[in-house]
Every structure is written in structure tokens, then in C-alpha cells.
Amino acid sequence: MSIFSFGFMQRALVAGLLVGLVCAVLSVYIVLRRMAFVGHGIGHASFGGVALGVLAGVNTTFMALVFCTVTAVAIGLVSQRKRVSEDSAIGIFLVAAMALGVLFISLKKTFVDVEGFLFGNILAVSHSDIVFIIVITVIVLGLVSLFFKELFYFSFDEEMAAVSGIPVTFIRFMLLILIALTVVVAIKVVGVILVSALLVIPAVCATQLTLDFKAVMGISILGGLIANFLGLLLSYYLNAPSGATIVLVLFGLFILSYGFRGARERLQSR
Amino acid sequence: MNDSASGIVVDIQDLNYHVGDLVILEHVSLRVAQNSFLGVIGPNGAGKTTLLKIILGLVSHYTGTVRVFGRDPRKMGDMRQKIGYLPQQAGFDRTFPANALEVVLMGRYGVIGLGRRPGAEDRRKAMEALERVGAADIAKRQIGRLSGGQQQRVFIARALVNEPDLLIMDEPTVGIDTQTQAAFTELVLELKQMLELTVIMVSHDTGMVATSVDTLACVNRHLHFHGAPGELTQEELEQLYECPVEALFHGDVPHRVVEKH
Ligand SMILES: Nc1ncnc2c1ncn2[C@@H]1O[C@H](COP(=O)(O)OP(=O)(O)O)[C@@H](O)[C@H]1O
Ligand SMILES: [Mg+2]
Numbered sequence: 001m002s003i004f005s006f007g008f009m010q011r012a013l014v015a016g017l018l019v020g021l022v023c024a025v026l027s028v029y030i031v032l033r034r035m036a037f038v039g040h041g042i043g044h045a046s047f048g049g050v051a052l053g054v055l056a057g058v059n060t061t062f063m064a065l066v067f068c069t070v071t072a073v074a075i076g077l078v079s080q081r082k083r084v085s086e087d088s089a090i091g092i093f094l095v096a097a098m099a100l101g102v103l104f105i106s107l108k109k110t111f112v113d114v115e116g117f118l119f120g121n122i123l124a125v126s127h128s129d130i131v132f133i134i135v136i137t138v139i140v141l142g143l144v145s146l147f148f149k150e151l152f153y154f155s156f157d158e159e160m161a162a163v164s165g166i167p168v169t170f171i172r173f174m175l176l177i178l179i180a181l182t183v184v185v186a187i188k189v190v191g192v193i194l195v196s197a198l199l200v201i202p203a204v205c206a207t208q209l210t211l212d213f214k215a216v217m218g219i220s221i222l223g224g225l226i227a228n229f230l231g232l233l234l235s236y237y238l239n240a241p242s243g244a245t246i247v248l249v250l251f252g253l254f255i256l257s258y259g260f261r262g263a264r265e266r267l268q269s270r
Numbered sequence: 001m002n003d004s005a006s007g008i009v010v011d012i013q014d015l016n017y018h019v020g021d022l023v024i025l026e027h028v029s030l031r032v033a034q035n036s037f038l039g040v041i042g043p044n045g046a047g048k049t050t051l052l053k054i055i056l057g058l059v060s061h062y063t064g065t066v067r068v069f070g071r072d073p074r075k076m077g078d079m080r081q082k083i084g085y086l087p088q089q090a091g092f093d094r095t096f097p098a099n100a101l102e103v104v105l106m107g108r109y110g111v112i113g114l115g116r117r118p119g120a121e122d123r124r125k126a127m128e129a130l131e132r133v134g135a136a137d138i139a140k141r142q143i144g145r146l147s148g149g150q151q152q153r154v155f156i157a158r159a160l161v162n163e164p165d166l167l168i169m170d171e172p173t174v175g176i177d178t179q180t181q182a183a184f185t186e187l188v189l190e191l192k193q194m195l196e197l198t199v200i201m202v203s204h205d206t207g208m209v210a211t212s213v214d215t216l217a218c219v220n221r222h223l224h225f226h227g228a229p230g231e232l233t234q235e236e237l238e239q240l241y242e243c244p245v246e247a248l249f250h251g252d253v254p255h256r257v258v259e260k261h
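Keeping their order, the protein sequence lines are chains A and B.
Going left to right, the first sequence walks through residues 1 to 270 as my numbering numbers them.
Going left to right, the second sequence walks through residues 1 to 261 as my numbering numbers them.
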């Protein structure tokens, strides 16, 4: 395909597929644990980090990483005490980090590519971004396969997992930090606003189609890859924003899988 | 002194537990002998589940001494596998993608260790546990699609998969029809006999408690009664539930606890 002869398109494709992959893997745990709001909250927190990076003249990705990780740990700590629910904790950190971001940007009286953070710009992915994405992908996939069974049990029933000797506190924080790392790279592709779509929709599609855990994982990954690939192509030919196109393709996949399930259930009940 | 040698599986001395100002358990002392069947009854919010969680090492900030197999339950290590636990109506997601066999295998995860997958031996043990509770035929069915009674059997199988010495159950028959409850009682007694278990069971089903257990503990923040079921008088029971109660343990047919309107 000729469009992929452009260096920037090659990088966009690699970035899109890797981000689609890691997001799809984590989406399974996010959906089964009913923590869809987490990706949303951590994503918005990154805005504060990026803005601080701009203000202080520090690498923005690095600052986003710091902000997201701190937010993830804070969400874990606050909700662990059970005095504040996980939802509320996320809601609070989300707005605080966004507000900080707005404040930092207003202090820096120069042009800041706010739109890039908000909606992503996959065509602007650089070589160092690709290296960063690969590193994060290896970390996420490595830890998820190492703790595959622990994450499975943890998602099913956290308290019983603890009774059976699973280190649930470690698993909980590990999952939050992996989400934080993933959010930072996914922002390059779809932006802060849309990042939670990649962290939720693939697994929702998969759970419509199967009740087998490994199949859920497989279908979710497939959905994430297809959406990022198709979305990227479509956005190129339609000259549409890439992040929004990818998310709309994902949404289309959701409608399809939802309809498929409905049709199958109607056939079965006949 | 080694408690497990002396035949005492659970030894609780002057246990107190409170969260903030709320006193949940106060001056509770209790011993559970090896191979005995202890029934725990008491009204809602009496602290029954909390008591079980303390025995399991899930609750830490209490005062007093608790020993399970002679060990502090908060520092059981591998001894944890000697306890099987059936939680109060598992609050899991009905659409969760796991089948019965996978749920039973979860019980093995702590034994298998980090970074390793369940192998043939684990699968064999899980199937064996399912067979023991008469649920081998539903091994491949999705957990959320099973009936309440079937799910309960699967969770018992998970509790038994590591061949524990102590089985702890929290209101296992809530939400299950009377007939299934009777079958469940049979199963528990059979398993206790066959596997030489010590059993602690919290129950609302006072009928089952009256006919099956060796000792009874009535908890309502304090331990109100501890002894053989037959020794409990109606007055004591009414005092415990703070409401009129039908005679339970006298006469032929055990009755339920009912409130007078
Ligand atoms: N972590 C906790 N924080 C605050 N209150 C608690 C906590 N755990 C239990 N409780 C309270 O302790 C009391 C006993 O609860 P529980 O042991 O579940 O009772 P039961 O199982 O007998 O119905 C209840 O009033 C409950 O609200
Ligand atoms: Mg309870």
C-alpha cells in the first residue's frame, strides 16, 4: 500500500497498532472490574502533567508520565481506605489535575498545542515516541502475562483472591500504574478526551461475543487492532482527525457486536 | 503450648473489635474443637461475618488473642491453605467470563505461586473437588449461568480444593430454596465426615443449625451463648434477637425465627 511508504505513516501505523494492542489488553480488566472511569480520570490527569512540562520546559511526555502515575497511586490509596469510593476519588483527581493544567498553561503566555493533547495527533509521532511506545508495550504485556492468573482472580473476586493468597494490594496498584503508562502513550494517538474509549470499548465488544476469558482477551485485542488500523486509513483518505476516526470505528464495532449478540439471543430463544 | 496438638483449631480470647466509635465485637471468647461443627447465629449486623474474617486473617486491628491452628491468623503464610472459605453470597459479576472449573482452579492459585500457570495436577485436583460436591457435570458451564445451589457447590469445591482442615461458611443457604437447602446440609455433613473437617458455619437457617451442629454460638456484639444447641432456651434466644422468637429446639419440627407483627 503506497500510503505506508511515507515515514510518518509507517510510524503512525506502528504507534496505532501497539497502542491498540496494549489498550485492548488492559480494557479487559478495566471492563470486568467495572473501572471504566479510571482511564478517563488518569487521562485527564495527564493534561496537568503536559502543561507543567510546557511551563517548566521539561519533556512533556515525562511530566505526563509522572502526573498519571501519581494520580493512579493516589486513586488506589484513597479508595483503599474505603472512606471515599473509587469513583469519587477519580472524579476529584480528574478535575484537580485538569484545573492545574489550565492554570499552568495560562501562566505560560506562549502558544501551546492544546488541541494535540486533547485530540491526539498520530501523524506527528516521532522516532523517540515509537521507542517509548515499544518500551511501554513490552512492560505492559510482560507484566500481564506474568500475573495473568492473579489478574484473572483479582478481577473476579478481590476478597476471595486475598483469601487464596493472591497479593491483591500489589496487583491493584500494578494494574493502576499499567493503566497510567498506557494512557500516556495512548494520548499521542487519540488524545486525552478520547483515551478512555480505547480502554473500554474493545473488551465490551468482546464480552458481547463470548463467555470464555481467553477468547474475550483475543477478541478484544483483535478489535483494538482493527479499529486503530481502519481508523488510521480512513482518517488519511477522508482527511479526518485520526483520534476521532479511530474511536468512531471502535464505536461501530461495538454496535456490530451488540447487534450480533441480540440477534443470536433471539435465534436461541426461538 | 501447641493448640493443634491439643485438638483446638480456633482459640479466641477476649476479642474486641471496633471501627471508630462503633463497637462491632466485644469480649468474645470462643474455642472450636477439632472435627466439631460450630453453628454461629445472630441478627443482621451482629458481627458474625466480621468474626469469620478475623479468623481468616482478613481483619487486622482487633485486640485480644486469636489463634487458628495455633497461629496468628494475620500471619498464617502457607497455613492459610488449611482453611477453606465460602463467603457470604459472592458478589461477583453474573456475566464474568469464567466457567465452574476455572473458578475452582482459582483456589489453587496461591499454592501454584506467582508467574506460573495451573497444570494437569491442579486441574485434576479441581475436578476431584467438583466431583466431591456432585458438580462434575457442570465443570464447563459459565459460573453466572448456574443456579444458586449449583454456584454454592462450585464455591464449596473451590474452598475444598486444597484439602483444608477447617471449612468456614458464611450464610451458605441464603437465597436457596428449602429443598436445595436440605441437600446442601446433607452435603456439608457428608464432606465433614469424609474429609475429617472442622466446620464453622454462620446461618440464618436455624432449623439446620438445630439439627446438624455440635455447638452453637449466638453472637450479637457479645457472645451470648456458647454450647450444645439443646441447652439454649427460648428466653435466651429472644434476648439475642431482641424480638419474640418461636420455639426452635423443643418439639419435633424445627421452626424459623419469625418476628411477631
Ligand atoms: N470495615 C467496616 N467499617 C465500618 N463498619 C463495619 C465494617 N465492617 C463491619 N462493619 C459493621 O459491623 C457490624 C457487623 O457487621 P457484620 O459482621 O457484617 O454482621 P453480620 O454478618 O452479623 O450481619 C455492622 O454494623 C457493620 O455495618
Ligand atoms: Mg454477615
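Keep in mind that the hints were calculated from the coordinates and are not lab data.
Incorrect hints may have been included.
Over 12 Å on every C-beta distance to chain B, these chain A residues come out as not near it, computed from the model [stated by the list, open to error]:
#1 V28
#2 V70
#3 G165
#4 A215
#5 F251
#6 F260
Capping the alpha-carbon separation at 27 Å, the derived lysine-lysine pairs in DSSO-like fashion look like this [as the list claims (entries may be wrong)]:
#7 K75/B x K82/A
#8 K125/B x K214/A
#9 K125/B x K140/B
#10 K140/B x K75/B
#11 K192/B x K125/B
#12 K82/B x K192/B
#13 K140/B x K214/A
Beyond 12 Å from chain B on every Cβ pair, some chain A residues (computed) [to be verified]:
#14 M9
#15 I130
#16 Y153
Bear in mind that the values here come from a model prediction, so they are computed numbers and not experimental data.
Glycine included, C-beta positions come from ideal geometry on N, C-alpha and C.
Structure-based check of each hint:
{"no.": "1", "hint": "V28", "verdict": "violated, 9 Å"}
{"no.": "2", "hint": "V70", "verdict": "holds, 26 Å"}
{"no.": "3", "hint": "G165", "verdict": "violated, 3 Å"}
{"no.": "4", "hint": "A215", "verdict": "violated, 8 Å"}
{"no.": "5", "hint": "F251", "verdict": "holds, 21 Å"}
{"no.": "6", "hint": "F260", "verdict": "holds, 16 Å"}
{"no.": "7", "hint": "K75/B x K82/A", "verdict": "holds, 23 Å"}
{"no.": "8", "hint": "K125/B x K214/A", "verdict": "holds, 22 Å"}
{"no.": "9", "hint": "K125/B x K140/B", "verdict": "holds, 15 Å"}
{"no.": "10", "hint": "K140/B x K75/B", "verdict": "violated, 35 Å"}
{"no.": "11", "hint": "K192/B x K125/B", "verdict": "holds, 18 Å"}
{"no.": "12", "hint": "K82/B x K192/B", "verdict": "holds, 14 Å"}
{"no.": "13", "hint": "K140/B x K214/A", "verdict": "holds, 14 Å"}
{"no.": "14", "hint": "M9", "verdict": "holds, 36 Å"}
{"no.": "15", "hint": "I130", "verdict": "holds, 29 Å"}
{"no.": "16", "hint": "Y153", "verdict": "violated, 5 Å"}
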